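If you're matching them up, the sequences are chains A and B in order. The end of the first sequence is residue 192 by full-length UniProt numbering, with every number in the run present. The end of the second sequence is residue 192 by full-length UniProt numbering, with every number in the run present.
By construction, these hints were calculated from the structure, which means they are not laboratory data.
Simulated coverage check for chain A against chain B, where a stretch passes if three residues somewhere in it have a Cβ under 8 angstroms from a Cβ of chain B:
id : region
1  : 103-113
2  : 119-128
3  : 150-163
4  : 168-180
Derived DEER-like restraints, expressed as beta-carbon distance ranges:
id : chain 1 : residue 1 : chain 2 : residue 2 : range
5  : A       : Arg96     : B       : Leu121    : 21 to 31 angstroms
6  : B       : Thr99     : A       : Leu174    : 25 to 35 angstroms
7  : B       : Thr58     : A       : Tyr53     : 32 to 42 angstroms
8  : A       : Ala133    : B       : Gly11     : 52 to 62 angstroms
9  : B       : Gly85     : A       : His148    : 29 to 39 angstroms
Predicted model, so just to flag it, every value in this text is computed and none were measured. C-beta atoms are modelled at their ideal positions from N, C-alpha and C, and glycine is treated no differently.
There are 2 protein chains.
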Amino acid sequence: MSEEKTRRPGGRSARVREDVHRAVMALVAERGYGNFTVGDVAAAAGVADSSIYRRWGTLEALFSEVSLTWLTTYSPIPDTGSLRGDLHAYAAGVLRDVTGPSGLAVLRLMLALSTAGPSGLEARERFLAARGAQLQAMVDRAAERGEHPPHPLDVVDHILAPLYVRALFGIDGLTPEYIDRLVTCVLQLADT
Amino acid sequence: MSEEKTRRPGGRSARVREDVHRAVMALVAERGYGNFTVGDVAAAAGVADSSIYRRWGTLEALFSEVSLTWLTTYSPIPDTGSLRGDLHAYAAGVLRDVTGPSGLAVLRLMLALSTAGPSGLEARERFLAARGAQLQAMVDRAAERGEHPPHPLDVVDHILAPLYVRALFGIDGLTPEYIDRLVTCVLQLADT
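So here's chain A without its partners, still in its complex pose (with noise of 0.2 angstroms):
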């Protein structure tokens, strides 16, 4: 199998992360967290467990590599030149990732994260503050050019949070409006 595969750039090793990262995301959406092991992973991108044990260590250092990967790689906060511009392209993107796969997997991912140990706490701490410090780079821009920012937890609370429990519960609604929607509510929120 591994003979049909198209050449990538970065050398066998950058290859190897690829694969595993791509096996990660594939079981988490198939199977869910806590039913694949570290053999399914080894499996599924065709390399020895042993590549994996080394270079890891645990699944839950892997996840968080790959959860990390996918926040700054396909899911950056865009920087439009207003708050109102940053806060829409936030939301369309939030709502994007929860309606594909790959971004319903990473929540779910994040989610078992929480009663995973302390090596899951620590992996979701990582991956929480590395979205942190992306919210408080958009809310720090819009305070320079003179706007009136919300909170970056007023983000989470009132775009993120109904995005993501909507996709969770498989709640209808995640249109265009409903994102103009939420984006008026915390700029109302800032205000007050």
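Starting from the known structure of chain A, fit chain B onto it as the hints suggest.
Structure of chain B alone, referenced to chain A:
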């Protein structure tokens, strides 16, 4: 072990039901959904596996009954006489639920059911329909009093969702002042 148990009203059938419900809640809290079997529930409840299969058929059907019982028994929506009072009592109830072990276990159960196939989705739908009916009743009472209520989904988006997400991700700040802020946010939304 069953000899040491205190006698409760309702006969043997009701006692078995209560023991099995309690065993499910404990196992979900300790191990998480997907990490225990009917046999584990039976052992923890002190009943035969066959009793569980005969009465509930599947683990998902049992989970559905456990979560609906929990919702209607321990987490009703109050009638305080005003919309702000009802929203505040509702939010305080959700806060109490998600910061207590059993409420968080029920929440995790609901999330897990989302990936548990058709019977899991059906169980989730029943739970959401029951909760939706409670919220609709609160909103209808407000409209009858001449108040200007929010849409029930606004309550889900801006009270329930932030509390769920903060609890699931372990974000601090679940204070009475925070509850006030969420309620004010929803009342503002209703007026826009």
